[in-house]
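Visitor: Please build the complete structure, drawing on both the sequences and the hints.
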Amino acid sequence: MTQFSRRQFLAAGGSVSLAVAMSGCSTPIGSSLTGAQPSTADVIFWHLFGGGDGENMATMIEAYRESSGTSVESSLLSWGNPFYTKLALSTASGRPPDVTVAHLSRVPLLAQAELLEPVADQFAAAGITEDKFTPAAWEKATVDGTTYAVPIDTHPFVLYYNTELAQQAGLLDETGENLKPMRNSDDFVATLQAMKDSTGNEYAAVASITVDPSTCWRLFLMTYSGLAGPIVEDLGTRVTIDRAAMEESFAFLQGLTGDLGLMPRTATSTTSSTLFSNGEVGFLFDGVWQIPTYREVESLDFNVVPFPALLGPEPVAYADSHALVVPTSPGRSAARTEDAVRFVKGLLDQSSTWADGGHVPAWLPVQESEEFLELQPQSNYTEAAFNAVYDPPGWYTGAGSDFQTAMGSVVASVLTGATDPAGGVDALTSSLQTFSTARPPV
Amino acid sequence: MTATALPAPRTGVEVGDRAATAGKPPRSENRAGWLFATPFLALYLAFLIGPVVIGLLISLFNTTTVRSGIGSWVGFSNYADVLTNADFWASMWHSALFTLLTTPILVLLPLLFAVLVSRLARGQWFYRLAFFAPYVVPSAAVCLIFAFMYTPETGLITNAFGWFGLTAPDFFGSTSGAWFAVVLLTVWWTFGFNFILYTAAIQEISEEVYEAAALDGAGPWQQIRMITVPMLRPTIGLVLILQVLSSLKVFDQIYILLTGGPNYTTRPVIQYIFDTGFSAYRGGYAAAATMVYFVVLVLVSLAWFLVRRRNNSANA
Chain L
324 MTQFSRRQFL AAGGSVSLAV AMSGCSTPIG SSLTGAQPST ADVIFWHLFG
374 GGDGENMATM IEAYRESSGT SVESSLLSWG NPFYTKLALS TASGRPPDVT
424 VAHLSRVPLL AQAELLEPVA DQFAAAGITE DKFTPAAWEK ATVDGTTYAV
474 PIDTHPFVLY YNTELAQQAG LLDETGENLK PMRNSDDFVA TLQAMKDSTG
524 NEYAAVASIT VDPSTCWRLF LMTYSGLAGP IVEDLGTRVT IDRAAMEESF
574 AFLQGLTGDL GLMPRTATST TSSTLFSNGE VGFLFDGVWQ IPTYREVESL
624 DFNVVPFPAL LGPEPVAYAD SHALVVPTSP GRSAARTEDA VRFVKGLLDQ
674 SSTWADGGHV PAWLPVQESE EFLELQPQSN YTEAAFNAVY DPPGWYTGAG
724 SDFQTAMGSV VASVLTGATD PAGGVDALTS SLQTFSTARP PV
Chain D
184 MTATALPAPR TGVEVGDRAA TAGKPPRSEN RAGWLFATPF LALYLAFLIG
234 PVVIGLLISL FNTTTVRSGI GSWVGFSNYA DVLTNADFWA SMWHSALFTL
284 LTTPILVLLP LLFAVLVSRL ARGQWFYRLA FFAPYVVPSA AVCLIFAFMY
334 TPETGLITNA FGWFGLTAPD FFGSTSGAWF AVVLLTVWWT FGFNFILYTA
384 AIQEISEEVY EAAALDGAGP WQQIRMITVP MLRPTIGLVL ILQVLSSLKV
434 FDQIYILLTG GPNYTTRPVI QYIFDTGFSA YRGGYAAAAT MVYFVVLVLV
484 SLAWFLVRRR NNSANA
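Chains as they are written, first to last, in my numbering: chain L, 324 to 765; chain D, 184 to 499.
Possibly wrong hints are sitting among the right ones.
Said to hold, decoys possible - Selected chain D positions facing chain L (Cβ under 7 Å, derived; list incomplete):
id: 1; residue: T248
id: 2; residue: V249
id: 3; residue: S251
id: 4; residue: T267
id: 5; residue: D458
FYI, nobody ran anything at the bench for these hints, they're computed from the structure.
No residue lacks a Cβ here, since even glycine has one placed at the ideal position from N, Cα and C.
Guide: Structure below.
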C-alpha cells in the first residue's frame, strides 16, 4: 500500500514547511525570523520627510541611484515620537537600516546608548571633514570627541515679515527688501509697535501658541539662551537653571502677548498661518520649514530673516539639524558600510536641492556656492545656522520629545497670561525635576 | 438540568460504568482534551502569561529599549519611583475620571434606548442596526472624523453650538473642552455594544410575564418599571463591570484625538506607560507602572466579584 497515513502526511507537511522557513533566510521574512539584517538593497535608508521635503529627498535619492548605480531602498517612517523608538528598537535588536536621518538634538542619547557607528574615519576618507560644515552643527554631531552624525542642514526658528506691510510701516532699509537693523529687545518691540500702528490691525505679530508646545519652546529657548547657558547638564541629570534670566525671558515674552498687546495670546497653527497669509499681522515667528507653505500663498509677499539680539548682547537662533547617521549593526559588512558612506556623500553633494525646503545646507561647499547665495530667502538667514542653539544634550531632550511638550506647555501658560513669570520659573523647574531625577536609560 | 432530559439507561451495568467514570474521565480522554486545548494554551502562554512574567521580571531591572538585554538589577526602586511619581498618579486619575464620566452615561442611556426600542411595534431591526453600526468603526476613523468636526472655527460641532447661541468650548486647547470632546465621541462610538447586550437580555424575558401583568391591568410604564428593569438586573451588573473595565483601559480615543493634551491633562495611564516605556525608552519603569495598574484592575474586578457573590447568597 502506498497510501499515506494521516500521521505520515502531517509529518511530511511539517518538514516541508520547515524547509521553506529555513531556505527563507535571505528573504525579509526569513531574516526577521533568524535575526539577520535584511539585505534587499545595497543601502537601506530610513527618513521621516513627508510633503515637499519628502519630494526633494526622493529626487536626491533617485539622482544618486542613477549616478552611482547603487540600489537604495528608502522607507518613509512617520515623524513623531515613535520614530526614535523604532530606530532604537531596530538597532538594539540588530536589524537597523544602513543609513537613517536623525535630528542632531537626538544624537547625544543615541550615541551614549552605542546605537550609532562612529564612522568619522571612513567619512574623512570620503572627504567629509569638519572644515566643510557649519561649526555649530558639526559640534552638535560630536559627542565626547567622537563624531557620530553628518549634518545635512540647519533649520532655525526665524522671523517672517510681510514685505508690503513692512514697507508701509517704514521698517525697510534703502534696499526696499531688508528690515532696518535691530540691536536689542527695545528695537524689536519698537519695530512691532510701528507695524501695529501703521496697519491699524489688532496685532503686529503672531506665533502658534495653542496646542503647539514645540513652537512655544523654540521661542522661549531662543530668548533665554541670549542670557544664559543650557538649562540642564550632564546628559540631563543636573538642572542648571538661571532663575533671574528665566524670569526676565518670561516677562519679556509675556509683555508681547499681554500688556503691549502686540501678539494674540491664543493662536493655533491654523490661526497664525491665516493671520499672516491674509496680511492681518506683519510678522510671524516660526521655523524655516514653513517657507514652502507660504510660498504657495499667491497674494503674500514675504521675507525671512534671523531674529535680532533680544535680551542678550548677541543674536541667538534656536535651531535643530537633520543629520545622517549609520546605526550600529554587528553583522554589517565593510562593503555595506562603504556603500553607506558613499550614499551620505552623494546626498551632501545635492544639498542645494534640499535647501529648497527652507533649510540652510550644513555642507559648506554648497552653502558658499553662487547657486545657494542667489536663493531667496534661504541665503538671508545663513547666519542663524552659525548662531544656532540646540536643545541641551540629555537623554530626554530633542525634537519631538516629551520634554519639549512639557517645557513648551509651561511656556504656553505664561504666554496666555495664566501663569506669571515667577510662577512659570517654578513650574518649569518642577517639571524639569521629574525628568532630571528619573533613572536614565543610558 | 439537561441530564434529567437524557433517556434513561437500559441496563444497570451501564449505570455502574458511568457512575465510576463520572468524576474522572478516562486517561485517554484526558489526554485528548489537553491535546485539543494545546493551540489555545500555546498562544495563551506565549502572548498572555509570557509577557506578564517578562513584565514582572523587567520591572525589577533598569531595562531600556535602547539596549539589548534586561539591564541592571534595581530591586523595587522602579516601583518606589512609580508610586511617588505625580505624573503617574495624575494619569491614573485621568483614567478614573474618564470612567466616572462615561460609565453612568453608557450604562443608563443604552438601557433606556433598548427598552424603548423593544416597545416598538415595527422596524426594531433598523434601530438596532443604527445604534450598533458606530461600534464597528475603527477607533482611528472615529477620531479623525470627530477631530474634523471639533476643529475651531470651521468644525461642524463647533458651529452647532452657535446655532443655539452658545460658544463652543475649546475642544483641543482646554482641559474641560477636551474631556467633553472625548466623552461625547466615546458615547457615540461604544453606545451600541451595551445596547445590544440589553436588547438580548430583554428578548430573554418571557412574553408570558408581560401577558400576566397586562391581565392584571399593568400599563406599559408599570411593565417597564416592575418587570423589564428588575429582570434585567443581572445584565445591568454585567454591563456595569464591563463598562468600568473597558473605560479604565481607555487609550485609543484620547491618544489619537488629543495625545493626552492639553499639557497632559487628559493623558490616561496607558498612554503614560506607552510614553515612558517607548518614547522615553524606560522599559523597566514602564513595566513597574503596568504592574501597579494591573493590580488596581484586579482589585476592581475582585470587588465586583465579592459584591456579586454576597448579593447572590443573599438572594438564595
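Visitor: Confirm or reject each hint.
Guide: Status of each hint after checking the structure:
Proximity of D/T248 to chain L holds as hinted, the smallest CB-CB distance being about 5 Å (cut-off 7 Å). Hint status for D/V249 relative to chain L: holds, with the closest Cβ pair at about 4 Å, below 7 Å. Taken as an interface hint, D/S251 checks out: its beta carbon lies about 5 Å from the nearest beta carbon of chain L, inside 7 Å. A least Cβ separation of about 10 Å between D/T267 and chain L goes past the 7 Å threshold, and the interface hint is therefore violated.
The restraint placing D/D458 at the interface with chain L holds, with a minimum CB-CB distance near 6 Å, inside the 7 Å limit.
Going through the hint list in order, the structure does not satisfy hint 4, though it satisfies all others.
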